[in-house]
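Asker: The chain contents come next:
There are 2 protein chains.
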Amino acid sequence: MDSKRPREGIANIRRREVKKLFKGLGKKVYSDIEEGKFPEIIFPSRSVRNIVYDEGLKQYILGNTSVKRSTHNIKHIRPFTQLIWLAFFVNKLVEQSKTSTLRDVFYSAQAYDVEFVDQAESDEIITDLEAVLSRAREDFNVYPEERSAIFGDLTIEYTVPGYEGKRLNLASHPDGYLIGPSLSTADFVDTSAEMVLAVEKGGLFTRFVEEKVHKRYKALVIDTAGQPPRSTRYMLKRLNHELGLPVYVLTDGDVYGEHIAMVIISGSANAAHLRELTVPSGKWIGVWGSDIVKYKLPSNSLTDLDIKRVHELKRDPRYKGGVWQRELDVFLKIRKKSELEAFAKYGLTTITDKYLPEKLDVAKSL
Amino acid sequence: MDSKRPREGIANIRRREVKKLFKGLGKKVYSDIEEGKFPEIIFPSRSVRNIVYDEGLKQYILGNTSVKRSTHNIKHIRPFTQLIWLAFFVNKLVEQSKTSTLRDVFYSAQAYDVEFVDQAESDEIITDLEAVLSRAREDFNVYPEERSAIFGDLTIEYTVPGYEGKRLNLASHPDGYLIGPSLSTADFVDTSAEMVLAVEKGGLFTRFVEEKVHKRYKALVIDTAGQPPRSTRYMLKRLNHELGLPVYVLTDGDVYGEHIAMVIISGSANAAHLRELTVPSGKWIGVWGSDIVKYKLPSNSLTDLDIKRVHELKRDPRYKGGVWQRELDVFLKIRKKSELEAFAKYGLTTITDKYLPEKLDVAKSL
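These protein sequences, in sequence, are chains G and R. Using numbering that gives the first Met the number 0, read the first sequence as starting at 0 and increasing by one per residue. Using numbering that gives the first Met the number 0, read the second sequence as starting at 0 and increasing by one per residue.
Source of the hints: derived by calculation from the structure; they are not laboratory data. Among the hints, erroneous ones may be present.
[Unchecked claim] Below, a list of computed lysine-lysine pairs in the PhoX-like style, where the Cα atoms sit at most 25 Å apart:
#, chain 1, residue 1, chain 2, residue 2
1, R, K211, G, K91
2, G, K211, R, K97
3, R, K353, G, K97
4, R, K97, G, K217
5, R, K97, G, K344
6, R, K358, G, K97
7, R, K353, G, K91
8, G, K211, R, K91
9, R, K211, G, K97
10, G, K211, R, K165
11, G, K165, R, K214
12, G, K97, R, K214
13, G, K214, R, K97
14, R, K353, R, K335
15, R, K91, G, K344
16, G, K91, R, K344
17, R, K57, R, K282
18, R, K97, G, K358
19, R, K165, G, K217
20, R, K344, G, K97
[Stated by the list, open to error] If you only want the chain G side, here are some residues facing chain R, beta carbon under 7 Å, derived:
#, residue
21, K97
22, A341
23, A343
[What the hints assert, rightly or not] So the derived list for chain R, only partly shown, Cβ under 8 Å to chain G, looks like this:
#, residue
24, Q109
25, G175
26, L177
27, S181
28, L182
29, E209
Note that the structure is predicted; figures quoted are calculated from it, not measured. C-beta atoms are modelled at their ideal positions from N, C-alpha and C, and glycine is treated no differently.
Looking at chain G on its own, in the form it has when it is part of the complex (with noise of 0.2 Å):
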């Protein structure tokens, strides 16, 4: 891989086009005023009439509607300053090569008197500023608090100030690495990888580790620690698209697992403006509602509350046809789930080394 490596790595690339995109941004305020206009922006509407499912990509996209914020309507003034102080603000961390909290953001705003009521304000913004550069927000230096990990054969290089050129094997910390923006950022350099496998929970993350299951599958595992922040859906998608290694989730046999797996494939609705969050290809290979009666595993009987989320998710077109929604009847039909540690009634190892790679093989006609 490495004879193939491009001369500037992909982290820096990325950096350069963000560099770009506000430079972009500023030039249109600055034309807009030279030319004697009032400065204006368009971008597309994140509203949730203009949020459309797209059947080919089986993800949601915004559709073509736009929304103007002109500094022409009295109304648009407040967004507009805030945005335009969000750019200079990250522009800014971009430059220096910090990094922030969407919690950060909001207080360093009082730095420069720019007026947000709540951090649900700040947010918000911080959204627009994704549609409006086409961007995550991790393009832009903003990073959520939330961290979950990674282990595995992968040799990376970092690009961040005082470990650039630096590299390092993700297998020689058995309890695994954060995924913060130092591996965000970091080119990927040689891997003997050949999958990915993303499990909801750390015990199960740990148990990989201790049974080899990196050695044995020839894996990166993945501890997505819940439904995955968002900077570790961007690691499982640069694994998929840079490496070309196929993802797969591990979940709980429950619907809140199935979604965990969803998003992480098809993206939520939330994030509709941002496509390149999803991993299409990926595989969700189970805790399904089928196994926990093939496997004969302990469980919990559904609550009304679980019953709810099954009908809501039925009705959602990602969850149309193949796996999603025959496993979504199966859950109703049984009013059963089970958590991946329920394995453990037949030995601690029984996961990786039975169903692990029979539901791999199962994968494969998936």
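Fit chain R to the supplied structure of chain G, relying on the hints for placement.
Answerer: Coordinates of chain R only, in the frame set by chain G:
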């Protein structure tokens, strides 16, 4: 440090001691039977009435009351059997160098037809075994699922299978290293650090790494991710005890932050049977209520729930006197709370450039 290092690592010593304790427990049961007696186990009672505050140790400990689990008493047979099964199960874990979670234990019991109504019951028996052995469950390889992280110049040497003798420097991945079973049982080889800084939030952890707090203040930085998981408290204890590093705790400026610091330093009533999970010399360096005023931090009003919690802690003997009681009183007086990120109002690096050194200075007089 390397030269003074004992030939057998701390982790191996602990493993040997735990195995010896299990052997002793088994022998006791066998010898009872051989002597024609009903087997019984006697251990310190964890009932509320036996949890007492020790003024000298400044922590909750168990009093002198013991409980007896005797197979002579039909009511005791269930918990007695569960306890012996658990000892058998975790002894096997230790022998095979495998780890498990609380939840794994619950499901594993079903493989042996040992009944637990729910996980709460198995968790309770695990805590009983801690009291029987006077050892934290991490010593017999039962780990929490939650993980927090560490970063800084500390070279460790693993003792887990497949990694024995391998060394890693914890400054080599700037997103941080998860504190899981491998790190918890690693031997400490070398460090240039002179203190440990435990911070409550992942965002701050990343900020500290970016601002090179580990170099500027010769610190190991730990992200406790809220109330730290037990394995992280254990790590803090080890860093303090084995390396002699002072521990400073930095939290949000509210009653919950103050309590996070208190639990790290003085332990919790729930773990009164485990004295080793405390860092009595640790210092809470902020954010204090008085810092909110002094540093003019953006703040929110205390809720009724916050105020109720302050009054609860005011009655807690651990909070008697010193900075603990004083700052509770300040929170009550100003009726405000602030988050760590609030410093961003004065620039993203104000917390590392100004607040941190000032508070480390103040800490000397605590």
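Asker: Compare the structure with each hint and give your call.
Answerer: Here is what the structure says about each hint:
no.	hint	verdict
1	K211/R <-> K91/G	19 Å, holds
2	K211/G <-> K97/R	12 Å, holds
3	K353/R <-> K97/G	18 Å, holds
4	K97/R <-> K217/G	21 Å, holds
5	K97/R <-> K344/G	16 Å, holds
6	K358/R <-> K97/G	24 Å, holds
7	K353/R <-> K91/G	21 Å, holds
8	K211/G <-> K91/R	19 Å, holds
9	K211/R <-> K97/G	12 Å, holds
10	K211/G <-> K165/R	17 Å, holds
11	K165/G <-> K214/R	18 Å, holds
12	K97/G <-> K214/R	17 Å, holds
13	K214/G <-> K97/R	17 Å, holds
14	K353/R <-> K335/R	22 Å, holds
15	K91/R <-> K344/G	16 Å, holds
16	K91/G <-> K344/R	16 Å, holds
17	K57/R <-> K282/R	13 Å, holds
18	K97/R <-> K358/G	24 Å, holds
19	K165/R <-> K217/G	22 Å, holds
20	K344/R <-> K97/G	16 Å, holds
21	K97	6 Å, holds
22	A341	5 Å, holds
23	A343	4 Å, holds
24	Q109	4 Å, holds
25	G175	5 Å, holds
26	L177	4 Å, holds
27	S181	4 Å, holds
28	L182	5 Å, holds
29	E209	6 Å, holds
Going down the numbered hints, you'll see the structure goes against none, and every one checks out.
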